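Work out the full structure, taking the sequences as your base and the hints as a guide.
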Amino acid sequence: MVLTHILCVGITSQVLERTCAAHGYVLVHAPSIEACAQVDQVCGLMLLHQDVLSDLSVASMEQLYFLNNTIPVIILIADYARLPVSLGSKLREGTLEYVYEHEIESGLIAGRIDRLYLYAQLNQSILAMQHNLGDQQTLRQELKLRETMLDHERRLNADLIASLTIGLIILDTDGQIILLNDHARLLLAIAANDLFGVSYFSIFPAEIRADVADMISSVQADSTQDRIKKVRFNHHVLEISCHRMIDYQRRSSGILLLMQDISEQEAMSAQLYQAEKLATMGTMLSGIAHELRNPLSIISARLLRLRMQPLSDHVQTDKNLQSIETQVQRCAAIIDNLLNFARNRVARTGYHGINEICEEAIAYAAYQANFSALKVCRKFGEELFVYGDRSRFVQVVLNIINNAVDAMNDAGTLTIKTGAGDGGSVLVDINDTGPGIDKAIRKKIFDPFFTTREPGHGTGLGLTIAYKIVTESKGEIRVASEPGNTTFTIKLPSSKEKNNG
Amino acid sequence: MDESILLVDDEHDFLEVMSDLLRDEGYGVTCAHNGPEALALLEQRTFDLLLSDINMPGMKGFELLATAQKRYPALKRALITAYDVRDYLSYAKEYDIGNIITKSINFNFDEIRVLLRNILTEEVFGLDRYITGPIGSSTIRSIANADDLLTRIIATFPNPVTRGKFKHALGEIIINAVYYGAKNERGDKKELWPANVTLAPHEAITVAWGSDAVMSGVAVTDQRGALTKKDVLYWLERNTVRGADGLSLGILDEHGKGLFITRETTDRLIINIKRDKTTEIIMLNYNQGKYDGHKPLWIHEF
Chain Y
1 MVLTHILCVG ITSQVLERTC AAHGYVLVHA PSIEACAQVD QVCGLMLLHQ DVLSDLSVAS
61 MEQLYFLNNT IPVIILIADY ARLPVSLGSK LREGTLEYVY EHEIESGLIA GRIDRLYLYA
121 QLNQSILAMQ HNLGDQQTLR QELKLRETML DHERRLNADL IASLTIGLII LDTDGQIILL
181 NDHARLLLAI AANDLFGVSY FSIFPAEIRA DVADMISSVQ ADSTQDRIKK VRFNHHVLEI
241 SCHRMIDYQR RSSGILLLMQ DISEQEAMSA QLYQAEKLAT MGTMLSGIAH ELRNPLSIIS
301 ARLLRLRMQP LSDHVQTDKN LQSIETQVQR CAAIIDNLLN FARNRVARTG YHGINEICEE
361 AIAYAAYQAN FSALKVCRKF GEELFVYGDR SRFVQVVLNI INNAVDAMND AGTLTIKTGA
421 GDGGSVLVDI NDTGPGIDKA IRKKIFDPFF TTREPGHGTG LGLTIAYKIV TESKGEIRVA
481 SEPGNTTFTI KLPSSKEKNN G
Chain B
1 MDESILLVDD EHDFLEVMSD LLRDEGYGVT CAHNGPEALA LLEQRTFDLL LSDINMPGMK
61 GFELLATAQK RYPALKRALI TAYDVRDYLS YAKEYDIGNI ITKSINFNFD EIRVLLRNIL
121 TEEVFGLDRY ITGPIGSSTI RSIANADDLL TRIIATFPNP VTRGKFKHAL GEIIINAVYY
181 GAKNERGDKK ELWPANVTLA PHEAITVAWG SDAVMSGVAV TDQRGALTKK DVLYWLERNT
241 VRGADGLSLG ILDEHGKGLF ITRETTDRLI INIKRDKTTE IIMLNYNQGK YDGHKPLWIH
301 EF
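These protein sequence lines are chains Y and B, in that order. Residues 1 to 501 (this note's numbering) are what the first sequence spells out, left to right. Residues 1 to 302 (this note's numbering) are what the second sequence spells out, left to right.
Please note that a few of the clues may not be correct.
Stated by the list, open to error - Simulated pairs of lysine-lysine, DSBU-like, Cα-Cα distance not exceeding 30 Å:
#, chain 1, residue 1, chain 2, residue 2
1, B, Lys-277, B, Lys-93
2, B, Lys-93, Y, Lys-375
3, B, Lys-183, B, Lys-76
4, Y, Lys-439, Y, Lys-229
5, B, Lys-70, Y, Lys-375
6, B, Lys-70, B, Lys-277
What the hints assert, rightly or not - Ranges between beta-carbon positions, derived for each pair:
#, chain 1, residue 1, chain 2, residue 2, range
7, Y, Arg-442, B, Leu-120, 50 to 58 Å
8, Y, Ala-342, B, Tyr-234, 36 to 44 Å
9, Y, Ala-342, B, Ser-142, 29 to 37 Å
10, B, Ala-226, Y, Phe-449, 44 to 52 Å
11, Y, Phe-449, B, Tyr-234, 52 to 60 Å
12, Y, Ala-332, B, Ala-213, 29 to 37 Å
13, Y, Ala-342, B, Ala-213, 38 to 46 Å
14, Y, Arg-378, B, Thr-67, 26 to 34 Å
Unchecked claim - Coverage of chain Y stretches by chain B, computed from C-beta distances (three or more under 8 Å per stretch; other residues unrestricted):
#, stretch
15, 301 to 313
16, 323 to 329
Keep in mind the hints are simulated off the structure, nothing from the lab. Model, not experiment: these values are computed from the prediction. For each residue, glycine too, the CB sits at the ideal point set by N, CA and C.
Below you can see the structure in the form of structure tokens.
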């Protein structure tokens with residue numbers, strides 16, 4: 001609003017013109033109130049002649065008040081007696097300013113205009129301030145709303161993190177703790193409360209510290225791969241996974257550690273392995289019983305001989321006693337062998353020679369009734385070592401051999417070949433000359449409970465478990481089959497340290 | 001006795017003790033460790049009996065016996081095994097083997113001695129080959145008569161367990177002897193069998209019984225000799241071998257279970273057949289459970 005313009009309605013005066021110009025005001029003229037609407041120029045003050053208001057209707061009165069609320073209005077009074085009553089009372093109340101003609105002619109009006117001008121200026125800054133105040137209030141309200149929302153979100157996040165049954169630890173790029181949730185505290189048995197800024201190294205128990213450090217450094221070295229490790233702590237099996245946190249600019253912003261207590265799953269899969277092993281044993285059992293009958297019948301026959309011949313015949317007595325001893329040892333070896341396989345012993349995790357593993361599996365498979373009808377061909381390479389639980393590896397090889405033996409059904413050649421594969425891997429090929437695996441079922445052979453055996457024979461879990469054990473050891477199982485030539489290939493990562501001496 | 005036996009087994013220790021035992025009996029014994037070696041020895045000289053283990057690497061006992069029989073039809077043969085004979089019934093049928101001796105625990109050389117003598121002499125009939133005590137004997141001329149006899153025979157056995165074992169088996173065998181052995185009735189028409197059968201003199205069934213310190217036995221003999229080794233092996237296989245459903249092949253068979261049940265419930269079942277002349281079924285039960293375990297297969301057919 002340009003306050004230096006004054007709207008004159010129905011007034012023409014040379015003196016007024018000059019006075020205003022002298023004080024820096026510009027006059028804008030309109031002949032009537034209606035004509036004011038035509039004026040483009042925004043004015044800071046309005047000067048009205050009494051006569052333009054002589055026919056003051058309700059509508060023009062309202063217009064007047066409206067104008068007065070926006071800009072000051074001065075009424076020029078020519079004859080007080082002719083003033084409309086309603087306007088007279090307004091003038092008396094001081095709602096509207098008035099001026100007499102002589103004040104214009106004498107130039108006194110300039111002081112009035114200045115005063116009203118100041119008033120208008122004040123009015124406008126008050127208005128501006130009011131506006132500003134309104135804006136600020138809106139802003140404050142909005143801020144408050146945002147704060148409430150943020151609070152909600154924060155509380156949701158906090159609740160989420162607190163009620164997670166996954167241990168969550170966030171580290172900054174220096175490995176200092178930014179966040180550690182209650183479950184992580186529980187899993188790691190941490191009592192301390194405030195761990196912010198503490199190094200991760202001090203919160204992990206000694207027995208798993210090295211594993212975690214190893215994961216973190218390997219994730220930091222290669223962000224594309226997450227690392228997962230199973231560790232034992234406090235009679236639990238924890239699965240810890242380590243991921244690099246990336247911020248919105250794709251920069252590394254820290255390390256995320258997730259921990260889960262998988263003791264129950266581990267126990268269950270251990271039970272499954274054991275159950276499958278026992279089922280395999282069940283089918284081997286009658287073979288083993290037979291195997292015991294041979295030495296026992298020899299012992300029995302020797303005892304009969306001892307009873308029949310005179311004790312003085314030392315040569316004969318010695319011969320028979322020696323034979324009994326040998327056969328007793330043979331029985332013991334059969335039973336030991338069986339127990340070795342059956343026992344749910346603590347995992348014999350370590351380095352194991354692949355040829356030894358295959359030899360052990362062949363020894364078990366030999367208890368199967370129709371095994372002796374087959375030709376067994378060993379094509380063992382130099383001894384290579386794999387790392388893991390020995391009995392699991394034996395279980396894998398045995399399950400595959402058992403299938404091969406069943407497939408050949410009394411006639412054929414079983415070939416077991418070991419050797420080094422690409423990338424320093426260890427390969428075991430188990431080949432049979434059976435009818436081959438039909439293409440239609442080849443995809444299903446690793447499925448749980450898939451079996452081609454008669455009901456009551458086999459669990460349908462042999463290959464499933466073999467597959468599980470091998471993939472858990474970061475290996476692979478492949479199968480190639482055509483009639484008369486089926487090969488299962490087990491590929492296991494080699495233990496380089498051990499194999500290189 | 002100077003019969004010669006060719007003993008084949010991949011177990012050196014077994015060859016040694018078995019040949020010692022057989023030599024003590026007066027046999028000439030030659031040992032071979034596998035089928036090809038045995039066949040080579042047979043090529044060089046004549047033996048009276050080929051006694052071979054079943055489960056050997058390479059050539060199995062059944063194949064060896066089959067090959068030997070083709071080349072030397074006069075050679076007598078038997079198998080010996082530590083395994084369950086029931087697992088080999090299919091092969092026994094396929095290769096027509098009637099005698100499978102078991103390497104039992106305790107080692108039952110008395111039994112082996114008798115069995116080998118039977119095979120070599122071809123004199124197999126008569127309960128007195130197995131029982132050293134007095135033998136009673138009676139003839140069955142009707143079913144009514146059979147029931148009384150059964151009760152009377154069983155009462156003579158000293159051991160209550162033995163009495164129980166005989167009761168069922170003997171009843172089964174006498175019924176079989178009357179309806180199949182004497183009358184040639186059809187098993188699938190059991191409902192048409194006449195309730196009271198009288199046997200003519202040439203049809204009469206003889207029952208012999210006796211006990212000694214070791215065992216008790218009963219022999220049931222008919223005069224027709226209609227049963228064959230092939231039949232016996234067929235029915236034993238039907239009831240022993242299990243099909244894809246896990247049930248025995250013969251589970252729905254209307255008949256043929258008698259021999260199987262008898263073999264299962266008595267300690268020894270010996271079947272002697274002179275074709276078209278006579279069939280003798282001998283059941284033996286040990287007084288003490290000394291030789292529980294695998295049972296030999298004793299079928300002699302001439």
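Hint check:
Taken as a hint, the Lys-277 of chain B and Lys-93 of chain B pair is honoured in the structure, with Cα atoms around 23 Å apart against an allowance of 30 Å. Taken as a hint, the Lys-93 of chain B and Lys-375 of chain Y pair is honoured in the structure, with Cα atoms around 25 Å apart against an allowance of 30 Å. As the CA atoms of Lys-183 of chain B and Lys-76 of chain B are separated by approximately 33 Å, the hinted pair breaks the 30 Å bound. For the given pair, Lys-439 of chain Y sits about 37 Å from Lys-229 of chain Y by alpha-carbon distance, which is inconsistent with the 30 Å threshold.
Restraint check for Lys-70 of chain B and Lys-375 of chain Y: satisfied, since their Cα atoms lie roughly 26 Å apart, inside the 30 Å limit. At most 30 Å may separate the alpha-carbon atoms for a hinted pair to count; Lys-70 of chain B and Lys-277 of chain B meet this at roughly 27 Å. Remark: the range hint 50 to 58 Å for Arg-442 of chain Y to Leu-120 of chain B is upheld by a beta-carbon distance near 56 Å. Hint check: Ala-342 of chain Y to Tyr-234 of chain B, Cβ distance near 39 Å, so the stated range 36 to 44 Å holds.
Range check, Ala-342 of chain Y to Ser-142 of chain B: Cβ separation about 59 Å, and the 29 to 37 Å hint is violated. The supplied range of 44 to 52 Å is met by Ala-226 of chain B and Phe-449 of chain Y, whose beta-carbon atoms lie about 50 Å from each other. Our hint of 52 to 60 Å for Phe-449 of chain Y and Tyr-234 of chain B is violated, since their Cβ atoms are close to 36 Å apart. A hinted range of 29 to 37 Å holds for the C-beta pair Ala-332 of chain Y and Ala-213 of chain B, which are about 35 Å apart.
The hinted range of 38 to 46 Å is satisfied by Ala-342 of chain Y and Ala-213 of chain B, whose Cβ atoms lie roughly 43 Å apart. Between Arg-378 of chain Y and Thr-67 of chain B the C-beta distance comes to about 29 Å, which sits within the given range of 26 to 34 Å. With a threshold of 8 Å between beta carbons, the proposed coverage of the stretch 301 to 313 of chain Y by chain B holds, since 6 of its residues qualify and at least three are required. Proximity of the stretch 323 to 329 of chain Y to chain B, defined as three or more residues with a beta carbon under 8 Å from a beta carbon of that chain, is established by the 3 residues found.
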